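Number of protein chains: 2
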Amino acid sequence: MTHPWHPIEGGVTAPEGFLAAGITAGLKASGKPDLSLLLAPPGAVCAGTFTTSVVRAACVDLCAQRLVASGGHARAVLTNSGQANACTGERGLADSLTATRELAGRLGLEPEDVLICSTGVIGVPIPMDTLLAGFGPLVAALNSDQAAGDAAARAILTTDLIDKQIALEADLGGRRVRIGGMAKGSGMIHPDMGPPQATMLGYLSCDAGVPAELWQAMVNRAVDRAFNAITVDGDTSTNDTYLAFAAGQPLSPEHLDALEAGLTAVSQHLARAIARDGEGATCLIEVQVEGAATEVDARAIARTICGSSLVKCAVHGRDPNWGRILAAAGRSGVAFDPGAVALWLGDHQLMAAGQPLGFDRPAASTYIRDRAAAAYLQDDTVLIRLGVGTGPGQGRAWGCDLSDQYIHINADYTT
Amino acid sequence: MTHPWHPIEGGVTAPEGFLAAGITAGLKASGKPDLSLLLAPPGAVCAGTFTTSVVRAACVDLCAQRLVASGGHARAVLTNSGQANACTGERGLADSLTATRELAGRLGLEPEDVLICSTGVIGVPIPMDTLLAGFGPLVAALNSDQAAGDAAARAILTTDLIDKQIALEADLGGRRVRIGGMAKGSGMIHPDMGPPQATMLGYLSCDAGVPAELWQAMVNRAVDRAFNAITVDGDTSTNDTYLAFAAGQPLSPEHLDALEAGLTAVSQHLARAIARDGEGATCLIEVQVEGAATEVDARAIARTICGSSLVKCAVHGRDPNWGRILAAAGRSGVAFDPGAVALWLGDHQLMAAGQPLGFDRPAASTYIRDRAAAAYLQDDTVLIRLGVGTGPGQGRAWGCDLSDQYIHINADYTT
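Here the protein sequences come in this chain order: A and B.
Letter 40 of the first sequence, counting from 1, is numbered 39 in numbering that gives the first Met the number 0, and no numbers are missing.
Letter 327 of the second sequence, counting from 1, is numbered 326 in numbering that gives the first Met the number 0, and no numbers are missing.
No lab work stands behind these hints, which were simulated from the structure alone.
This structure is a prediction, so every number in the text was calculated from the model and none was measured.
Note that beta-carbon positions come from the ideal geometry of N, C-alpha and C, so glycine has one too.
Okay, the calculated beta carbon distance ranges per label pair:
hint, chain 1, residue 1, chain 2, residue 2, range
1, B, ASP336, A, GLY70, 25 to 33 Å
2, A, THR389, B, GLN248, 49 to 57 Å
3, B, GLY345, A, ALA292, 46 to 54 Å
4, A, ALA93, B, ASP336, 17 to 25 Å
5, B, PRO249, A, HIS407, 52 to 60 Å
6, A, GLY338, B, GLY332, 30 to 38 Å
7, B, GLY332, A, GLY42, 33 to 41 Å
8, B, THR97, A, HIS407, 42 to 50 Å
9, B, ALA352, A, ASN142, 41 to 49 Å
10, A, HIS407, B, GLY345, 18 to 26 Å
11, B, ALA351, A, ASP128, 20 to 28 Å
12, B, ASP336, A, GLY135, 36 to 44 Å
13, A, THR389, B, HIS5, 57 to 65 Å
Reference excerpt, derived from the structure (chain B facing chain A, CB under 8 Å, subset only):
hint, residue
14, CYS86
15, GLY122
16, PRO355
17, ALA410
To list a few chain B residues with every Cβ distance to chain A over 12 Å, as calculated:
hint, residue
18, HIS2
19, ASP149
20, LEU160
21, LEU213
22, THR380
23, PRO391
With the sequences and hints as input, model every part of the structure.
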């Protein structure tokens with residue numbers, strides 16, 4: 000994709016007018032940062048996409064309701080990490096309401112202007128005294144500099160190994176526009192987010208003004224091509240949320256396509272970063288599918304391959320057991336002609352026109368091909384490319400390998 | 000379920016008139032048994048259910064076509080283990096045709112009377128010289144005794160640790176009827192089988208006569224309640240197949256319900272055995288869902304929970320991190336009221352009416368409850384029971400925990 004955007008330093012505070020903060024309030028037993036705040040300028044529009052799970056946290060319901068009621072406007076989002084506040088019964092909503100009301104008071108905002116996201120163990124309520132005691136230091140730490148963005152990005156993490164941030168800048172008709180983003184993973188990652196209804200959490204800031212409805216539509220498309228195209232473990236969370244703020248002088252209509260390209264690029268960067276930092280991951284898997292009937296079909300096949308435990312284990316073992324890729328494609332729910340399949344691992348073609356390459360070759364060349372493919376698998380990103388026909392549909396999805404470490408992390412998470 | 004069936008010794012050769020054999024033909028590098036044969040009496044009807052994957056092995060196509068063409072009749076099924084013969088291009092079908100033709104000749108049958116199932120590595124053809132050389136010893140070993148059934152059940156295994164067999168007997172109106180079965184797992188297990196279209200392989204023999212169409216309908220229902228309700232790793236295979244033979248004096252209509260109960264019991268036993276012997280498994284997980292709108296809804300929720308990597312890891316860690324169970328239910332695609340949810344781990348109730356139990360209890364009792372739940376998790380079978388409302392729909396599904404061993408088995412399977 001060619002677009003006018005180039006990377007710059009920073010994250011959510013790179014765009015003009017956005018403030019952020021991140022502190023350690025004591026919500027996590029580990030003593031790591033656990034309270035994060037993003038504050039958008041007055042008049043900000045906010046587009047949200049949320050988990051489509053039937054079982055979703057009260058904070059998710061609250062965010063969705065407030066965005067609907069406001070017609071897509073909000074000023075601030077609080078994030079606590081350590082407790083998901085999902086499956087906490089009536090207390091879940093009451094605590095979310097209290098938190099946003101108290102924080103709004105300190106920020107000089109209405110409660111309805113403040114959103115809340117929670118991530119951590121499901122079924123555990125937020126220690127409210129600790130939370131509320133953190134609001135003073137949190138608000139005092141608000142700043143527009145990069146250090147504040149960094150702190151905010153760190154305070155939303157749970158089992159993540161690294162923070163995930165990006166900022167892009169473009170010149171759109173002589174005007175400097177910036178988009179910033181931050182996100183967290185890294186388990187229970189298989190976002191399935193719909194418009195005003197993902198525990199991945201993602202936040203985006205943009206210093207160009209866009210009408211709320213248009214902004215939501217752009218965000219929906221970007222989410223489908225980014226977060227809804229990643230998987231770590233197939234488990235869609237109760238708390239997945241992506242909130243995208245835009246505030247600034249209105250952008251002229253001829254630059255909207257360019258803006259959406261930037262929005263998509265930021266979202267895809269964050270989504271890939273979540274997949275690469277999936278629990279226990281040692282590499283990123285990118286699957287590209289082409290020749291499908293539609294982009295949606297292509298993405299569905301690509302994501303099914305990314306989600307296959309057997310493909311993930313084969314990649315972890317750096318083992319070109321490519322039959323598992325085909326098996327996963329076959330169960331994706333998308334119809335295609337197996338006789339038209341072509342498959343590449345990196346630059347190494349393994350199938351053409353539905354036939355495996357190499358059966359009729361001397362054993363040595365098969366060996367070399369497989370070794371070459373195995374060597375390719377040593378790279379940090381494993382690229383799987385699958386052709387399924389001659390249709391116009393192309394799509395990409397991202398995942399990671401499945402390692403012993405994933406088991407260790409998740410067999411002992413609460414105890 | 001009350002039914003007139005009781006277990007007896009043996010497997011597929013327990014019913015009258017069925018012969019079986021299993022030998023080592025040399026198809027597996029390990030030197031383990033790899034060639035299996037089941038021979039039904041003249042006039043046998045055969046109901047088949049096969050993987051619904053778009054990418055399926057030529058042998059699966061061949062079985063499905065032959066059963067359609069014959070109106071649900073077949074006499075024999077050959078199974079080779081070691082090579083799946085899927086994704087082997089044109090050679091796959093040619094080899095399957097050759098194998099069934101040659102074997103038919105030795106058995107005095109028409110090629111169309113013989114079915115073939117393959118299991119092993121995808122993308123690898125069957126060494127035909129080795130296969131064909133095994134037919135003499137294989138046919139010579141055919142026998143109706145239990146040892147022959149045991150040998151057949153062992154020769155279909157791949158990464159399975161144990162063979163899976165069962166035989167039931169009932170007195171139906173003064174007549175002794177027997178049903179026998181065998182099956183194999185143990186990876187790429189998430190069967191999604193439809194009528195005349197599973198690499199689980201399952202075989203059933205019954206010495207009562209049933210009209211072919213009726214038998215197929217009964218088998219379809221049993222498969223939905225058994226194999227289509229298990230999952231090991233979420234990967235539906237290219238080769239999953241269940242073949243159920245019935246041959247004998249026609250059964251009078253008033254006993255058909257009892258027969259179906261036996262058919263379902265045998266199928267569920269084999270399905271549970273596959274789940275318990277899933278790659279790397281240390282325990283069986285059974286999920287019972289009640290109060291859903293329909294049986295199909297209940298089973299869908301139950302299977303989604305069984306398939307959750309996070310639930311599987313929590314069970315492996317013997318960690319009552321029950322929030323993951325709710326999260327999995329929430330993404331099952333089935334609508335229910337989270338406020339109506341009740342949850343038990345064994346006899347330990349963890350939620351009622353959508354509220355977690357224990358928040359308002361002293362920390363000690365929460366601790367005891369969690370310990371008791373953790374102790375329960377030491378059992379060989381972990382029972383998760385979830386109520387989702389007041390509907391009439393009940394359903395069960397089976398899976399296993401996710402262990403380091405699964406990763407080791409699947410990171411190194413072909414190399």
